[in-house]
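Here the protein sequences line up with chains A and B, keeping their order. Numbering-wise (numbering that gives the first Met the number 0), the first sequence opens with residue 0 and increments by one. Numbering-wise (numbering that gives the first Met the number 0), the second sequence opens with residue 0 and increments by one.
To be clear, the hints were calculated from the coordinates, so they are not data collected in a lab. Beta carbons are placed, not taken as given, at the ideal position from N, Cα and C, and that holds for glycine. Among the hints, a few may not be true.
To be verified - Okay, the calculated bits of chain B under chain A, using three or more residues with CB under 8 Å as the criterion:
(1) 33–42
(2) 108–121
(3) 144–155
(4) 206–220
What the hints assert, rightly or not - Not everything, but these chain B residues come out facing chain A in the computed CB check (under 8 Å):
(5) Ser-1
(6) Val-3
(7) Lys-7
(8) Arg-8
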Amino acid sequence: MTDLTVSISSIKMDNPSMLASGILDETGDSLLRMMSVGAGAVVTKSIGMLPHDGHPNPCIVETADGYVNAMGLPNPGMEEFAEELRVIMPTPAPVIASIYASSAADFATIAVSMEEAGAAGIELNLSCPHASGFGMEVGTDPATVGSIVAAVKDAVKVPVMAKLTPNTAELVRIGKAVEEAGGDAVVAINTLKAMVISPEFARPVLSNRYGGLSGSAIKPVGVRAVYDLYRELEIPIVGVGGICGWRDAAEYIMAGATCFQVGSAVGTVGPEVFTRIIEGLEAFMGEYGYPDLDSMRGAAHE
Amino acid sequence: MSDVVRIKRISQESKDTSTLAFDWGAHTVPGQFIMVWIPGIDEIPMSLSSTGSEKTVTVRKVGDATSAIHALQEGDRIGVRGPYGNGFDLNGLRTLVVGGGVGMAPLMPVLRTVYADLVIGARSADEILFEEEARRYCSNVEISTDDGSLGFHGNAVQLAEAMMDKGDYEQVIACGPEVMLHYLFQACERRGLPCQLSLERYMKCAVGICGSCMLGRERVCIDGPVFDSERLRMLPEFGRSRRDPAGRIVDL
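Isolated chain B, as found in the complex:
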């Protein structure tokens, strides 16, 4: 469905990341995304960081469109369409959730729904997202920072591997930079641990016809954005290359 919604609340999550809340009745599941339209600027895919009747998107300022979103005020209106994509399979297995940077956004609805342990990774302490809220749902929340300013000094995959070796997890659910996800996937494969990873690609239509978000034979917008281990093994481009808006191959 396509709608225009009013932003009812904006919360600053970190120096460059904000969450926008709006009421929207569409039924959605954790891991799905929407297309957010800022008239005159752009329309971009955003994961939902809340999936109840009040929806939220969590936006890191990285380019023109996200800067325009950051310039919005409470009461302003945006266009939304969706929800799109498959979402996570919340199956009751003992789960380790790993979020890198703003990749935490689609994981928050997972943490509110199922019991899991959590790794939050970021470059630095001031970029760690959702720690306080996550501690309300998870008894075991571990932090990693690349610069060692908080928690484990290193990357989220190294920390996750240590936890996998201590814990008795049955699956890993994760979202974050693709290089991180690629190493995490390899770590899981070495341990025979199934994964569900949320991936992203440049997107135009979001409804499965234009082909701009192809990853191998899969459409990230409708066959994804969540891919399990079996499908990840069939994606030679995963962790290596993406497509630009013209469809050219670009190394990650």
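Chain A with its partners taken away, still in its complex shape:
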């Protein structure tokens, strides 16, 4: 019997899959739907202090097996979203609230609001590549990242994970800063900063010009990032980037991921992708003699 249960500090999951932030996670009902198709945990849309419309359309371009998006952090603000969470609590799987802010103090304020609304954990968005003054712009300096993690850890009891950007040569140093500030896990990677141009109109397609590339194309980048982080960090790593089948998930786990997130494949494959990945992973682990995730994690390092 293969054991797929896993935990990150106090966040206990039936399986290692999580819904990635930004994907079908802006309403209580959409979060419940993703739990019903097998996600071991769900991460919410990134929530800020105030309601925000995000960038004007177009905010997405379809690529081969993925997307370039610049949603621009649309969200109803922490007060309305807290109510969204309260309505669905208790939930069959843990809800991790993704949050964004431009200062450590605001990060802490939003984290408290999400914890009070029932969030089982906090994911810090330190990596969105298409929002001026937020995300990657506060997430590429190790000292700033450390101060944000420390402030949020002081403010809440639930575990705090930091989602990192691949758009820096400092990835491992930033991961170290998260660990040293008391962070419970790192999440790697967010999208790769990207652009699509329309030759006919001689202009970038996205209204924000820049966006973030997700989907199959970025998986080898994410696997490498997790591999590098695993060599240097003690805290758990959540692997994300281009996972659309069990093989992709297995790669991330063998690179060192404790659990993994699925995003774009919810669009390219469908919400049922969670069930398919978990069933495939379980079959693989059974056939290749991995009784649990601990025995498989980091196998590619040995």
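Dock chain B against the given chain A, drawing on the hints supplied.
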């Protein structure tokens, strides 16, 4: 698929509504929609009002994006991507089609494909769309106007209910303002008549990932935009509330 197409023809349908025709090879079915990009302005979902190799969208001027579309000339280019959504299930049942205002647009490909009776509703006679073309396909076309300036004096649901009670329809297919669709759905439920209704919500990605068009647990862009009675019963927000671009709940 994503493309840039050239507008080959623009037809004025009413004082504030025009149809734009363009050649585009994508295979589409009645009830599907596309995202129309007007560079520098916006990208918005539009139902296809023709689904052959020549596609059309029928646009009512209501805001910045639709005004920008109305300012386009024949020969201008627009970006299109899609088609998206599920479309209507054209199943051969005896059908009453009900269109309110510019909601007639996605129903035109249905009327060209299947035999049906039709109710066209609008506020006033000068806002009735596609009557002439619809009469070529349907032997029974009834008109309702809120102000009584043409046909039945009242709303499309009242007229549709009278027709349901006289006729022996096996289903209702409709598109229009959501409040109209909500009352129409209740009228059908009272009679045990199955419905297929085309709904709309604010949309960003149109490919089923961003969650801005959620209606209960359904994504209007990919699980819809056409919902049948069984799924409509599971949507407590239908006819009551929608989400704004930030995801806040707004009463209809």
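Cross-check of the supplied hints:
1. Given as covered by chain A, the segment 33–42 of chain B passes the check, having 6 residues with a CB less than 8 Å from a CB of that chain where 3 are the minimum.
2. Counting residues of the segment 108–121 of chain B whose C-beta lies closer than 8 Å to any C-beta of chain A gives 0; at least three are required, and the coverage claim is violated.
3. Residues of the segment 144–155 of chain B with a Cβ under 8 Å from some Cβ of chain A number 0, which does not satisfy the need for three, so the listed coverage is violated.
4. Residue count for the segment 206–220 of chain B with a Cβ under 8 Å from a Cβ of chain A: 10. That meets the three needed, and the coverage hint holds.
5. Interface restraint check: Ser-1 of chain B against chain A, minimum CB-CB distance 6 Å, threshold 8 Å, status holds.
6. Interface hint at Val-3 of chain B: satisfied, since its Cβ lies 4 Å from the closest Cβ of chain A, which is below the 8 Å cut-off.
7. Because the closest C-beta pair between Lys-7 of chain B and chain A is about 16 Å apart, greater than 8 Å, the hint is violated.
8. The interface hint given for Arg-8 of chain B is violated, since its Cβ lies 20 Å from the closest Cβ of chain A, which is over the 8 Å cut-off.
Figure legend: structure checked against the earlier numbered hints; hints not met, in rising order: 2, 3, 7 and 8.
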